[in-house]
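Colleague: Produce the entire structure from the sequences given, and follow the hints as far as they go.
Respectively, the protein sequence lines represent chains D and G. Quick note, the first sequence lines up with residues 1 to 226 if you use the working numbering. Quick note, the second sequence lines up with residues 1001 to 1224 if you use the working numbering.
Don't read these hints as lab results, they were simulated from the structure. Be aware that one or more of the hints could be misleading.
So the derived label-pair ranges between C-beta atoms look like this [as the list claims (entries may be wrong)]:
hint : chain 1 : residue 1 : chain 2 : residue 2 : range
1    : G       : V1187     : D       : F138      : 50 to 56 Å
2    : G       : R1218     : D       : F138      : 22 to 28 Å
3    : D       : G6        : G       : L1152     : 45 to 51 Å
4    : G       : L1203     : D       : A36       : 31 to 37 Å
5    : D       : I218      : G       : A1087     : 48 to 54 Å
6    : G       : R1149     : D       : W217      : 23 to 29 Å
7    : G       : S1119     : D       : A36       : 30 to 36 Å
8    : G       : L1215     : D       : L144      : 51 to 57 Å
In silico SDA-like cross-links for lysine to any residue, where the CA-CA straight-line distance does not exceed 25 Å [to be verified]:
hint : chain 1 : residue 1 : chain 2 : residue 2
9    : D       : K125      : G       : E1216
10   : D       : K23       : G       : E1216
11   : D       : K125      : D       : P59
12   : D       : K125      : G       : N1217
13   : D       : K58       : D       : L43
14   : G       : K1134     : G       : V1120
15   : D       : K125      : G       : V1120
16   : D       : K125      : G       : L1215
17   : D       : K23       : G       : F1086
18   : D       : K125      : D       : L52
19   : D       : K23       : D       : L33
Covered stretches of chain D (chain G as the covering partner; in silico rule of three or more C-beta atoms under 8 Å from a C-beta of chain G) [unchecked claim]:
hint : region
20   : 45–52
21   : 169–176
22   : 193–204
23   : 211–220
Ideal Cβ positions, reconstructed from N, Cα and C, are used throughout, including at glycine.
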Amino acid sequence: MTGWEGFAFSFLNARVAAEYWPKILEGLGVTILLAALIVVSGLVLGLALAVLRCLGVKPLNWAIIFVVDLFRALPPLVVIVLIYFGLPAAGIGLSGFVATWLSLTLVLMAFAEEIFWGSICAVPKGQWEAARGLGLRFLPVLRLVVLPQAMRIAIPPLTNRTIAITKGTALGSVVAVAEILGAAQSGMAFSGNPTPLMLGALAYLLLFLPVVVAARWIERRFAWKR
Amino acid sequence: MNEFVEAFLNLEIAAAALPILWMGLQQTLLLSALTVPLGITAGFALALLSTRRERWVRWPLMAWIDTFRAIPPLVLLILVYAGLPFAGLEIGPWGSVAIAFLLNTGAYYAEVLRAGIESVPRGQAEAGRALGLKPWQVWVFVVLPQAVRNVLPDLIGNTLEVVKLTSLASVVALPELLFQARQAQSVTYNATPILVAALGYFLLLWPFVRLLSRLENRQLAGRR
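Modeller: Spelled out as structure tokens, the structure:
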């Protein structure tokens, strides 16, 4: 075999690819489901914490800040391993899927809270006061006046962070979730050929490249003119 | 409750695991000291290239950066670690981590630094040239200091992410903090070492998280 033939046999092997692409496709489905669940639950929880923090209850805010700092400082893989291998020892067994979902939700929640909170703070105080002066209650002020303005500030950093954490679904492979990387790795183990891994990388590119390009566009679209 | 303490906060096991976790922490620091400068260097190179106007430089560069921002770092790491031996290259865990991080974090640093360079008004470079500075002097003394200053929170944030990413090296059996913790956990069948490792990461990185959140809030507030 020449060098190129050897390379093609290992990395672009059509026979292996034909055998394993359905598995990778299944993995793609799992990745998309997992990512969607994480994005929804993480952003909702993050927003909820930011709103709670607006109430200004000191001990509550300290607790929120601590939780947020904790999940910003811990590597996501450490959180996943802790929840997956740790909780069964305490009598709570979670599947790898649920452990990954829960872990990355907590991480996204922490980052989202920080971004939402920063954005809410960036809305001038006069907006709060004027809305309150018009007789709106706390929640309507937040919903109708402050959050719409805060969202515009929050969206670019939030998009980038959400993408970065969603890519963390690949970490699920460490705790036996059959998402793209997990499917690709078992395909590689069975066939003794890294072609499934190449297919997996391709699947991630198909999934995330449009998102990354869209994020770049969003960043420019929402940028404040200086 | 007793069972929980036994499984999670077992002081005896924590004490036994501490020396090996300490070794792991040192490897984590060493790994960070390798990957952060590597990523920043690659990022600088890509960011400088991205200021070129020629289309044949810009487009491949964008494609390169976006590709490595789209592939999850763990996928890249495993592709390098498990894939390259099939191409006849045995580079081991350290080499694999270095290559994967160079590609991944280099792309992220490049985006941050590019935004920084773009935020410096053109007049600065022109004024520097008019004062008789050479092009490299304009870069080093005029543009880059302002660029770095403008995106300092993002740079710190990215660096924090890189240090956290070093935990991925545990997957390719590089004996850093998380790897050692999992070893200790599988030997003792007790989750305490992982909790201790998590505490280690937290204590190491918390000061940076605090600093970052102050810088970020100031930045968001400044966008009005």
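Colleague: It remains to establish, for every hint, whether it holds in the given structure.
Modeller: Results for each hint:
Take V1187(G) and F138(D): their Cβ atoms lie about 53 Å apart, and the range 50 to 56 Å holds. Separation of R1218(G) from F138(D) is about 26 Å and conforms to the stated range, judged on CB atoms against 22 to 28 Å. Range check, G6(D) to L1152(G): Cβ separation about 47 Å, and the 45 to 51 Å hint holds. Between L1203(G) and A36(D) the beta carbons are some 34 Å apart, a value that agrees with the proposed interval 31 to 37 Å.
The hinted window of 48 to 54 Å between I218(D) and A1087(G) is violated, with their beta carbons roughly 38 Å apart. For the hinted restraint 23 to 29 Å between R1149(G) and W217(D), the CB-CB distance of approximately 27 Å keeps it satisfied. At about 34 Å, the beta-carbon gap between S1119(G) and A36(D) stays in the expected band of 30 to 36 Å. As the Cβ distance of L1215(G) to L144(D) is approximately 31 Å, the hint placing it in 51 to 57 Å is violated.
Only pairs whose Cα atoms come within 25 Å are accepted, and K125(D) paired with E1216(G) is accepted, the gap being roughly 19 Å. Our distance criterion of 25 Å between C-alpha atoms is broken by K23(D) and E1216(G), whose separation comes to about 42 Å. The hinted pair formed by K125(D) and P59(D) meets the criterion: a straight-line CA distance of about 23 Å does not exceed 25 Å. Between K125(D) and N1217(G) the alpha-carbon distance is near 15 Å, which keeps this suggested pair within the 25 Å criterion.
For the hint linking K58(D) to L43(D), the alpha-carbon distance of about 23 Å falls within 25 Å, and the restraint holds. In summary, the hint linking K1134(G) to V1120(G) is supported, as the alpha carbons are separated by about 18 Å, within the 25 Å threshold. With a C-alpha separation of about 31 Å, the suggested pairing of K125(D) with V1120(G) is violated against the 25 Å cut-off. With a C-alpha separation of about 20 Å, the suggested pair K125(D) and L1215(G) falls inside the 25 Å cut-off, and the hint holds.
Using a Cα cut-off of 25 Å, the hinted pair K23(D) and F1086(G) holds, with the two alpha carbons roughly 22 Å apart. Restraint check for K125(D) and L52(D): the C-alpha separation of about 18 Å stays at or below 25 Å, so the hint holds. Of the pairs offered as hints, the one joining K23(D) and L33(D) holds, with about 15 Å between alpha carbons and a cut-off of 25 Å not exceeded. Taking a C-beta to C-beta cut-off of 8 Å, the region 45–52 of chain D contributes 0 residues in contact with chain G, too few for the three needed, and the coverage statement is violated.
A stretch counts as covered by a chain when three or more of its residues have a beta carbon under 8 Å from one of that chain; for the region 169–176 of chain D and chain G the count is 5, and the coverage holds. Three residues within the 8 Å Cβ limit are the bar, and the region 193–204 of chain D against chain G gives 7, so the coverage statement holds. Only when three residues or more bring their CB closer than 8 Å to a CB of chain G does the claim for the region 211–220 of chain D stand; here the count is 4, and the claim holds.
Violated hints, listed in ascending order, are 5, 8, 10, 15, 20; each of the other numbered hints is respected by the structure.
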